[in-house]
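Colleague: Given next are the chains, with one letter for each unit.
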Amino acid sequence: MPTQITRLVVLMLENRSFDHMLGFLRKTNPAINGLNGDEWNYPAAEGTANVTVSDDAGDVEDLNPDPNHEFAHVTNQISSTGDPVGNPDMKGFVRDYFEDCKDAVHAAGIMKCFTPQTLPILSTLATQYAVCDRWFSSVPGSTIPNRLFVHGASSAGSLTQDAIAAPFVLHTIFESFDDTTPHDFAIYTAGSSILFANKYLIQNMGKFRDYASFVVDATSGNLPAYTFIEPAYDDDGEGTFASSQHPDFPVDRGEGLIRDVYNALTRSPDWKSTLFLILYDEHGGIFDHVSPPVVTRNPIYNNLPDVQHSGPPDVFDFTRLGVRVPAVFVSPCIPPNTLINDRDYDHCSVVSTVRKLFCNPANQPFNWREAQAATFENVLTLTGADIRNDVVPLPDPVISGGISISAAAAAPVPRAPTDLTVLMAGAMHNALQQQGLQPPGDYTTLANSTQVSAYLKQARQILQNVAGGGQ
Amino acid sequence: MTLLLRAHNLFRLLAVGFMLSSTSMALAQTYASCKGFSESLSKNNLHFKIDCLEAWFSEDPAHLTFSGMPPGNGMAFGGMLEQNNHYVSPFSLPAGPGIVSGLSSPQQPDFTTGKLPSVADGSLWSADGSLAAVFSTNGSWVTTGALTVMPKGYQDGHRTDHTGVQISCNKLGPLCTKQILGLHLQASHRSLQTISFYGIGPDSPLVKYVFHENDTFASVRAALPLADWFTFESGAEFRLTELPHTTASNSVSANFTTAAAPGLSSQPGFGHYHFALRTGPIAILSPRTDDQDDNHTGPLMKPYVQFTFNNSVEYHWYSAPGHSASSFQQFVEDSDENIQLGARVRHYVQVGDAKTGAEHFWDSVLAKTCGDKNIDWSKPANYVLKVRQPCGFGDLDLVSHVAASRTGPDSTVPFYLQPTVGGSDIDSRLSLRAWPNYRFRAPYALFVQTNYILPFYNVLVFYDAGTVGPTFSSLSFGGLRQDAGFGVALSFKGRIAAQGYLALGAGYGPTFGYNFTKFF
Chain H
0 MPTQITRLVV
10 LMLENRSFDH
20 MLGFLRKTNP
30 AINGLNGDEW
40 NYPAAEGTAN
50 VTVSDDAGDV
60 EDLNPDPNHE
70 FAHVTNQISS
80 TGDPVGNPDM
90 KGFVRDYFED
100 CKDAVHAAGI
110 MKCFTPQTLP
120 ILSTLATQYA
130 VCDRWFSSVP
140 GSTIPNRLFV
150 HGASSAGSLT
160 QDAIAAPFVL
170 HTIFESFDDT
180 TPHDFAIYTA
190 GSSILFANKY
200 LIQNMGKFRD
210 YASFVVDATS
220 GNLPAYTFIE
230 PAYDDDGEGT
240 FASSQHPDFP
250 VDRGEGLIRD
260 VYNALTRSPD
270 WKSTLFLILY
280 DEHGGIFDHV
290 SPPVVTRNPI
300 YNNLPDVQHS
310 GPPDVFDFTR
320 LGVRVPAVFV
330 SPCIPPNTLI
340 NDRDYDHCSV
350 VSTVRKLFCN
360 PANQPFNWRE
370 AQAATFENVL
380 TLTGADIRND
390 VVPLPDPVIS
400 GGISISAAAA
410 APVPRAPTDL
420 TVLMAGAMHN
430 ALQQQGLQPP
440 GDYTTLANST
450 QVSAYLKQAR
460 QILQNVAGGG
470 Q
Chain A
0 MTLLLRAHNL
10 FRLLAVGFML
20 SSTSMALAQT
30 YASCKGFSES
40 LSKNNLHFKI
50 DCLEAWFSED
60 PAHLTFSGMP
70 PGNGMAFGGM
80 LEQNNHYVSP
90 FSLPAGPGIV
100 SGLSSPQQPD
110 FTTGKLPSVA
120 DGSLWSADGS
130 LAAVFSTNGS
140 WVTTGALTVM
150 PKGYQDGHRT
160 DHTGVQISCN
170 KLGPLCTKQI
180 LGLHLQASHR
190 SLQTISFYGI
200 GPDSPLVKYV
210 FHENDTFASV
220 RAALPLADWF
230 TFESGAEFRL
240 TELPHTTASN
250 SVSANFTTAA
260 APGLSSQPGF
270 GHYHFALRTG
280 PIAILSPRTD
290 DQDDNHTGPL
300 MKPYVQFTFN
310 NSVEYHWYSA
320 PGHSASSFQQ
330 FVEDSDENIQ
340 LGARVRHYVQ
350 VGDAKTGAEH
360 FWDSVLAKTC
370 GDKNIDWSKP
380 ANYVLKVRQP
390 CGFGDLDLVS
400 HVAASRTGPD
410 STVPFYLQPT
420 VGGSDIDSRL
430 SLRAWPNYRF
440 RAPYALFVQT
450 NYILPFYNVL
460 VFYDAGTVGP
470 TFSSLSFGGL
480 RQDAGFGVAL
490 SFKGRIAAQG
500 YLALGAGYGP
510 TFGYNFTKFF
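As they're listed, the protein sequences go chains H and A.
Those letters in the first sequence? Residues 0 to 470, by numbering that gives the first Met the number 0.
Those letters in the second sequence? Residues 0 to 519, by numbering that gives the first Met the number 0.
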């Protein structure tokens, strides 16, 4: 009988594949389905040599411009023939990135990977606790649909990054923390989240907390049963800098965030029944060598709703998972060097597990994807006196590849906004209009990250003024 | 209910005024977003009207602006040109999250900050500039230009906080701070048509006289962050005041002599120099507990209290070359301790636990205070409160202000530079709200205030006490005048930024008033 999880803390970072971040862990644990070092992709140009993976990923600059990772591009990345049916060969990443950057040498950078030495914090936690090498993003597409799947096992039919209406209408697992369950949830943000645009959460703005209070809440026993942490998605021009690890933001800031969350949780009175799950929303167009599996509806779930399909131009029924992403399970109830690969997990696993652990069992799953998602409620295998008392000392983040962080930090101020935060602004714009409120201006004209950040803050303030909320 | 709705609308009005007048809140608005503004006015959508109106007051680089003038001079409208490039200006206390030891769980810095931008190689050389002119209905006006410059010279750095966490900072010698050295240059001219004067001293009669004041300032200030919560500031200012002679029957010039109102006959130019220490640490008190979701007994709540300690001590030297009789020194202490009162639930409460009378009432209030407004009271098993649910009980603001002027044996403080207590002073600082603006004036002044903003509709209740005197020893507690009242308030960054109120205690009935934080 495993230890019961009483606190689940999920930190979802941005746009990195499993092999890119943890593939070279295989050198320390051959059981991990990582990299041998000879995995390759077709070159950008005919007649040149194939591109092999390398262990020299840098903190910044390898992935600028941001690799494409919309549905059509993911198809080309995972299948060099452009046909993902069957067992795609995962050899089109370099070619697809070349379409974007038009530089054959730079396109080969899509094969660059970190090592345990250049990514010491995530790697340490993966080896000292558990790593899952069968966790796939839920959608072979971009951030917004994948981030919606981790909350609602659906993207409300959204397949592309442009769907700004989906966040408002999506039903999420948070709705299942109703007055019929004693359990509660909180969402920690550094100012922006796609969830601010969700209809249900707009009515429950008190569930959002500032990340600045996370350490206090964790160490004094104030975390609810389910905690979801949003990283900072962009530089806001006021002293907060992106920690999401989205290319081309420095990876070390996200490493620092992981370390801070871990250190806080280990000082929590609830640590011995806490599971800290570190996830990435999708692969960001970066190489991984494992083919995403197909998911087929089990007939026993025919009574459940289907996942809302996407419409043209990319009609899709959500029966194929996205590219593999890192998933690290951290708990004192997990022995070192644990490898989780018994089943295929995806972001629906979070929804399904949260429902099992904390929600009213009378509530049925949203759809068949949630119902048949692998759950991880039994991952805390150590019990009683076997539960670990050690706290793993984590090193400082590494500015890898010899590239100075100042290169990114010294970018023109304020810098251009990321697509993701502009889309968040679009989703907030839509949510305000749906609520009969006036958005704070035209989000399509936002020119830099400072303006986007200000727009998101003001939109959030308008919602808070209207909806109210707890402390 | 009607009263509450009116209070809410008044709050919205205050909020609009504050937003329109606050350049720091200027956001990404566009005129284009308000094409339908005139049409929207015909619709019954207050939010739409307010949001759209705000757009016209925040467009970069040029926008309209709205400001509270020094009391007695109405509200002013005008225009503003501004360009803000700042990253880490040191002129906006609180300087950032700091650490106060001794509390059970001091607040950590914002870890998402990660690495600060490089200030090496001049990449953070930046400047914020603004030009503004506003005019009020009584003919008063203010024009001002300001430039904040943050020069290069810092290097990337890291430090380890008291919990062992490494945080990034900007390094200058032994200093390692989030904010950096800044220089603030400003030039202003204001023409104020009506300033009230009731004589000097704590017992001056309630007979109101007025004077007209023109001020011209040019100043430079430097602020050096010594820690993220602690800043040293120094500055120099040239200040020229003119009090035009008027013959109106209630004018100061027609009713007072220089002996009764020092500085009335001539106003020298002043060199004004100051040094200040300012603090702005934040701390959270949250006792450690290990409550579980199935807790149903024991204490209902534990405290969750956030403290923001805004304090400053300042030394001022007003030097009037060739006019030593008007030179003086001034010591000023200001504090604004903001306490956000809150709690975390420690055991759950179900509908069935509180079915009757008072219990139901209080649980209903708590449910609202804790953010859940949609309890289905017909289902006994439903949870009214859940373990660790956050609850907010309002903001408590403790304010104090002391101004002590020191003169030579043959000199006096010009009456127009003496601190005042009563209503709002010339810097829009509130003191005794039941008394008229500028009611008591003397070289020494003291007041304390307690403000409590309820968690519902931003209702404010307050208590004030204060007095003035010719010497420091004359500021006795026995001589304090007191008042109390209520109103609605808007807080911003841990300070009350705007309020409307009704105050009692002056002995001549209720006083209605309003106040906006000074912007110009």
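Because the hints were derived from the structure by calculation, they are not lab data.
Treat the numbers as computed from the prediction; the structure is a model and nothing was measured.
Please note that the accuracy of each hint is not assured.
To be verified - Straight-line distance between alpha carbons at most 27 Å, and here's what the computed DSSO-like set of lysine-lysine pairs gives:
(1) H:K90 x H:K101
(2) H:K355 x A:K378
(3) H:K355 x H:K271
(4) H:K198 x H:K101
(5) A:K170 x H:K355
(6) A:K207 x A:K301
(7) H:K90 x H:K111
(8) H:K26 x H:K101
(9) H:K101 x H:K111
(10) H:K456 x A:K378
(11) H:K26 x H:K198
(12) H:K271 x A:K301
(13) H:K355 x H:K198
(14) A:K301 x H:K198
(15) A:K367 x A:K378
Colleague: Against each hint, give a clear statement of whether it holds in the structure.
Modeller: Status of each hint after checking the structure:
Simply put, K90 (chain H) and K101 (chain H) have alpha-carbon atoms about 18 Å apart, close enough for the 27 Å limit, and the pair holds. Restraint check: the Cα-Cα separation between K355 (chain H) and K378 (chain A) comes to about 23 Å, which is no more than 27 Å; the hinted pair holds. Distance check on the hinted pair: K355 (chain H) and K271 (chain H) sit about 20 Å apart at the alpha-carbon level, within 27 Å; holds. For the hint pairing K198 (chain H) with K101 (chain H), the CA-to-CA distance comes to about 41 Å; that exceeds 27 Å, so the pair is violated.
At roughly 50 Å between alpha-carbon atoms, K170 (chain A) and K355 (chain H) are farther apart than 27 Å, so this suggested pair is violated. Restraint check for K207 (chain A) and K301 (chain A): the C-alpha separation of about 51 Å exceeds 27 Å, so the hint is violated. With a C-alpha separation of about 14 Å, the suggested pairing of K90 (chain H) with K111 (chain H) holds against the 27 Å cut-off. Using a Cα cut-off of 27 Å, the hinted pair K26 (chain H) and K101 (chain H) is violated, with the two alpha carbons roughly 33 Å apart.
With a CA separation close to 17 Å, the supplied pair K101 (chain H) and K111 (chain H) stays within the 27 Å bound. Restraint check: the Cα-Cα separation between K456 (chain H) and K378 (chain A) comes to about 37 Å, which exceeds 27 Å; the hinted pair is violated. Taking the CA atoms of K26 (chain H) and K198 (chain H), the gap is about 46 Å. The hint is violated against a cut of 27 Å. This hinted pair checks out: K271 (chain H) and K301 (chain A) have alpha carbons roughly 22 Å apart, not beyond 27 Å.
A threshold of 27 Å between alpha carbons decides the hint, and for K355 (chain H) with K198 (chain H) the separation of about 24 Å falls inside it, so the pair holds. Taking the CA atoms of K301 (chain A) and K198 (chain H), the gap is near 31 Å; set against the 27 Å cutoff, the hint is violated. Our distance criterion of 27 Å between C-alpha atoms is met by K367 (chain A) and K378 (chain A), whose separation comes to about 17 Å.
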